[in-house]
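*Asks:* Chain by chain, the residues run as shown.
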Amino acid sequence: MSDILIRANNLSVHFPLSRIGFGERPVVRACEGINIEIEKGSFFGLVGESGSGKTTLGRAMLKAAPISHGEVLYTDGEVNYSLGDIQPADLKDYRKRTQLIFQDPYAALSPRMTVRDIIAEPLEVMQLTSSREETDARVREIAALCRLNLEHLRRFPHAFSGGQRQRISIARALVSGPKFIVADESVAALDVSIQADVLNLLNKIQRDSGITFLFISHDLSVIAHTCDFVAVMYLGQIVESAPTRKLFSETSHPYTKALLSAIPSLDPDVRGNAQKLEGEIPSPINPPPGCRFNTRCPHAQERCRSEVPEWRELSTGHHVACHFAEELA
Amino acid sequence: MTETATIEETDVNVDQKRKEAYFTASQGQLIWTRFKKQKAAMVGAGILIVLILAGFFAPFLTPYDPTIAGRDENYLNGAPTIPKFCDDNGCSLRPFIYTYKRTRSIATNFRWMTEIDTGIDARRYVVFFTEGDEYSFLGMKFKTHLFGVDSGKIHIFGTDSTGKDIYSRTLQAINTSLAVGTIGVLIAFILALIIGGVSGYYGGWIDSVLQMITDAVRTIPTIPLFMALAAFIPDTWSSETRFLFISIILGFVGWPTLARRVRTHLLTERNQEYVLAAQLCGASAGHVIRRHLLPSFTSYIIVDLIISFPYMVLSETALSFIGLGLKDPVNSLGVMLQNVTSADVLLNYQWYFIPVFFFITLVLAFVFVGDGLRDAADPYADTKK
Amino acid sequence: MTKPLISVKDLTLRFKTDEGLVTAVNNVSFDIAPGEVLGLVGESGSGKSVTAKSLMMLNAENSVYDEGSQITLSVDGEDYDVLKLRGASEQLIIRGGAVSMIFQEPMASFAPAITIGEQMVEQLMIHSDMTRTQAKEISIEMLTRVGIPEPAERFGQYAFEFSGGMRQRAMIAMALSTKPRLLIADEPTTALDVTIQAQVIDLMKDLVDEFHMSILFITHDLGVIAQTADRVAVMYLGNVVETGTVRQVINTPSHPYTRGLLNSLPKLEDLDAPLTPVPGDIPSPLDRPSGCVFHTRCVESGDIAERCRTEIPVTTIGADDHRVDCHLANSRDQAGDQA
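Chains as they are written, first to last, in the numbering used here: chain A, 151 to 479; chain B, 29 to 413; chain C, 1074 to 1412.
Don't take each hint at face value.
Distance condition first, Cα-Cα at most 25 angstroms in a straight line; then the derived SDA-like pairs of lysine to any residue [what the hints assert, rightly or not]:
no.	chain 1	residue 1	chain 2	residue 2
1	A	K242	B	G310
2	A	K407	C	D1279
3	C	K1157	C	E1140
4	A	K213	B	T247
5	C	K1209	C	L1280
6	B	K45	A	L300
7	C	K1340	A	L300
8	C	K1340	A	V420
Note that these hints are calculated values from the structure, not bench results.
Given these sequences and hints, build the entire structure.
*Replies:* Next up, the structure:
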């Protein structure tokens, strides 16, 4: 069994809302009972639609969202942290080892700082370099990796296109030498022709440096091409997770199947085969009882409406949460 | 062949340089470029600079002391004396005015009458860089004034009921109003920064409490407040002290609006993703404030400050006009307008109103510049796809 | 050969900006036949939205149409010269009458303080002389038709009470209530989740059959186009670079940009294939390339790169009206002719 860098055990993230009138305070159950293990050096994909809680999960793993129940454990060979009750000094160290790449390339960079300053900021905040020359050298090194040259460093963000800005974001995430990077919908806002470029860059970085990536996206085809391992989320829970090939060849969960078939095929002759899901995605404030997918599942039975399905292993590395996974496979 | 090549190159070079300049322009430079494109704002800025300089150099630019000390006893409520170049007696290169004399006699029923002597000998020539009343400027004493007349006095905006030169008073009034405005805005700004800043940065219950206090202060009616304060000010206070006091009070009353602006800017900036990125690196609150929040709202705050200025000036004018603000010899537009309400003035001495045009221009100039800056300061105007 | 419902010829549109005249649409020509779905594919800056808005004269005041531009709408035997329509009453035919539009962000397209029902009724009453009761009946009917449960109740609700997918359906209902001949759909599914997207696409296809209407489907998603369109036009930086049937363009693309776009897409059928992006960035519209508009990013130009840089390519018309603007295709075509 290879090293697990970060794992979540029964993790729940709840956001309380303000009370309306009397009675119980409504709570957004953004994540519920998450069990996930991310191997060191892997490119782990997290896919889901809106309300699935994937962004919240990513942030919880960086301690940027509150952990309501369960635990997140980080082990990289040098330190061991449990994020639920981490001390401020340890948290500061944890921040040096983890980073986040945002979705919106236009909002993620301060318009008032030059590219050089943006990339250098983590170094200055974390005090990882002792002189300006050292900072500059490191910035140049990382910028070159992301195909940003010296000229670019002197400019301000408004001079760049979406794809270039995203590369600046990536450079900023890399400069502190993290071991774990969460890429939150990092290519969603980019044009298709540029998307491939950024994805290739991320893959290359991962291969060359061994950094572990958690790649969050709503686009299953993008995840399929870049990730080693995929977890599918629906309404705050992981419904299926497996190595990428297995997920596509041995899809078990009805939601994953529906998700796959809903992706419009590039072949004009393959039409009308989409397994259509009826209904809307329920609200995470009042998720359906039992299996959360039962309101839309074409195979829902009485058991699904009352009993929460167990998170169990179908085959090596392939987990699913469905009562009837074997029958439907 | 090489000729065309070089020209092409230079064109490309110029284009490249322009583009590079755009790429490396900081926010401040971008704002300035956008500001320059707005004609109304540029005109306003020009006028504003002229007026500010006029007020600053008032003692030099005006011929006489604007207080009772520099009055012209021979020319009370006198109409403006505009220098002429030519009259019935011929033309001259140097501009001149006529001699005025105040006399009374049995013939006029012992009422003071002003006589104008238009004889060629009675001409008073305008002289430039002449010696006049002493004034102190920047701590030093000077006597030179920009212009004057070789004998007697010149009043290009006329005089008031005690003989004080209105032109001299106008420029001094501009200076005073700007000074009151500056002090008021400064105090309001410091208070707004502290209160709005804490409110916006911390949020939560601190924000709620501070907002309630802000709203409460904002609802205080200014007229009764000033009446109370006016009654409170002891007569023994000098006019300068009174001036300072009024300015400080205006600042204390004016901070709520500014505080609200500061708070809004902070709340917006605090939620920006790049702030979160810094926090995820472990940045301290100090770093976030210094590196991200402060620079971001500097441009907005400058706009807010400039727009607050005319409100301060107008508040002070209104207060002084009804007698609750400044008093002689400290001079401001409001003080100068204190006596205009009598029918006598309205019918006969219309030149008392000349300063009003200066103030309308001053306030409008501030407003145009403020609006222009506000339009220019949006940092995302260029960047959204 | 039936007369096209909409015929766009040499549409060129420029915007007056501080930096000068910016060309947004350059010599664009295409036809839409009645009952046909034309997909307009392009990335950001391609000019597809601006083109669509031109069909309804919705562009901003600083837009300048070239002299030779022409858009002809043929409805019920009448021909309308769209660019010459002036005044609200004349333009009624293109705004909600024969032509309707649905947008990407349904939340932004509905007035937040007026109920959905009220907005639908208003639309109907402007375009016909129905009474309010009749309009309400038809609106509820449309809401049912687009698959919104409890339509009578939903009629009285506000936009924020609808979910994303339902809002988009309500928008479709509103657009279709006046029975338009052409529906312009500007990125209608981009903001939706993929499972909801599938539902909305199916709905639109059903409606095309039922109402016998045409759709101008604008999107950057080639997969959606493959599933919905009959014909496709590919746009890049304001030019149409390739037009053809959906099978022609997707299975046998002629233009290097189309090929590049298709190659850069991750395909589920082949998880091992590398992702090859189109190199470079889309030039700024202020900096339009000379000659062929795509030459700065084209990897296939090879020997004729000089020609691509200086000459604007002529449209090559291939089999079955498969059009492409490319020097490579041109020379292949000529070679083919000579062979």
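*Asks:* With reference to the structure, classify each hint as holding or not holding.
*Replies:* Against the structure, the hints come out as follows:
1. A/K242 with B/G310: holds, 6 angstroms
2. A/K407 with C/D1279: holds, 24 angstroms
3. C/K1157 with C/E1140: holds, 11 angstroms
4. A/K213 with B/T247: violated, 43 angstroms
5. C/K1209 with C/L1280: Roughly 20 angstroms between the alpha carbons, so the hint for C/K1209 and C/L1280 holds.
6. B/K45 with A/L300: Holds. B/K45 to A/L300 sits at ~16 angstroms (cutoff 25 angstroms).
7. C/K1340 with A/L300: violated, 36 angstroms
8. C/K1340 with A/V420: holds, 14 angstroms
This entry does not satisfy hints 4, 7, going by the numbered hints stated previously.
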